[in-house]
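When the letters of the sequence shown are read in order and numbered with mature numbering (1 follows the signal peptide of the UniProt record, and there is no 0), they come out as residues -16 to -1, 1 to 388.
FYI, nobody ran anything at the bench for these hints, they're computed from the structure.
Watch out, some of these pointers could steer you wrong.
To be verified - Distance condition first, Cα-Cα at most 27 angstroms in a straight line; then the derived DSS-like pairs of lysine-lysine:
1. Lys14 with Lys165
2. Lys280 with Lys185
3. Lys280 with Lys178
4. Lys280 with Lys269
5. Lys14 with Lys40
6. Lys185 with Lys40
7. Lys211 with Lys165
8. Lys269 with Lys211
9. Lys90 with Lys106
10. Lys14 with Lys269
11. Lys106 with Lys14
12. Lys280 with Lys40
13. Lys185 with Lys165
14. Lys165 with Lys106
15. Lys28 with Lys40
16. Lys178 with Lys165
17. Lys14 with Lys28
18. Lys269 with Lys90
19. Lys28 with Lys211
20. Lys185 with Lys106
21. Lys90 with Lys28
22. Lys178 with Lys211
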Amino acid sequence: MKLSASLAFCLTAVSAQSVIESVSFGYGNKISESAGSIPGWTVKGEAHQPQILSNKVILTPPDPGHTRGSLWAENALSESSWNAEFQFRASGPERGSGNLQVWYVKDGESSIGSSSIYTVGKFDGFVLTIDTHGGRGGSIRGFLNDGSITYNQHANVDSLAFGHCDYPYRNLGRPSIVEIKHSGAIFEVIVDQKLCFQTTKVGLPSGYKFGVTAATPDTPDSFEVFKFAVTPGPQAVTPPSGQSQQQQQQVPIQRREQAINPGALNDINSRLAQLGQEISQLSQKSEARHQELLNKAASGSSSPPSSSGPDLSQLTDRLQRIENALSQLQRDVDGRDYRKQFMQLHKAIETSHISLTEALLGMISSATPRMGLFICVVIIFQLILAGTYIFYKRRRNGMPKKFL
């Protein structure tokens, strides 16, 4: 463990030394020693100011939308072969969106500013665009321009991409790692240690500047940048053509040998020997354990069970009881005749229906007024009226008449 930590520390130190510091940030413990600025980089924004923290730069905030942010290297890259590692994270609501660009262009900020691939005019160089183009959850595309194409006036900017791959980058909860490798033989884009696209037909000149821009719409994504580190790429080696060249090449080799500390080499050798012994011991223990398991399997495992044995046995018994109960239930369902129960249920429903009908008819008949009684009342009333009229006429006719 100590050796692995030492080796990791050495590798980290070597990689940190090979980083081109003038066009890089985020490769150490902090992005910047001074708050609010990054040495060698220009940080700008529109509708907000990008926030520089100890371990990241927030190019666009989660709220509000319609913001832009940009990071531009102030120094040009002098290497013709290089590797750039870019770490970012995008997070936002379900329907959030935005785009993120990594530029390597001539004149840097003065030609691009905070533009995206859809709003930039003419430029000379390369841009890698990360957005949700195509509705597939995310994509990474590469574009080139030699200064002859005005992108913001082109009818179909998406058709100008020379390489692409699908990559769902939103709301991963971790930084995504994008590597851009440029050499005289091949141009590659690698995402999370997986090849995105490559070509042998792209060659970019030295002397251009790196930059990162981000833009968001109404429902924004928050783009955070953790690291942008550029290291020299592999250089082409020319074989020597004479003794003089061999002598010239021997000089730096001898200087390297002189620069190596013999004590450090002895320490590394001792640590490697110790690591080899530990690996050998682990291998022997693993082999012994494997042989022990084979012997137990061959002899029916006569040794007392481990602590996990009773738990496994109880779990097996419980599963067996559940299986037996399910089998019994299935047999009862398949073998029992339910016609008698259905007939009883049918008779009960029919009896309830008949009794309900009779009760309803009785209620209707009891609530209906009797017509015979009504007719008798009408006849009696008419007889009373007729008798009264006859009595009145007779009384009037029997009265004495008066003559004037």
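Give me the numbers of the hints this structure contradicts, sorted from smallest to largest. Numbers 2, 3, 6, 8, 10, 11, 12 and 18 - these are the hints that the structure violates, sorted from lowest upward.
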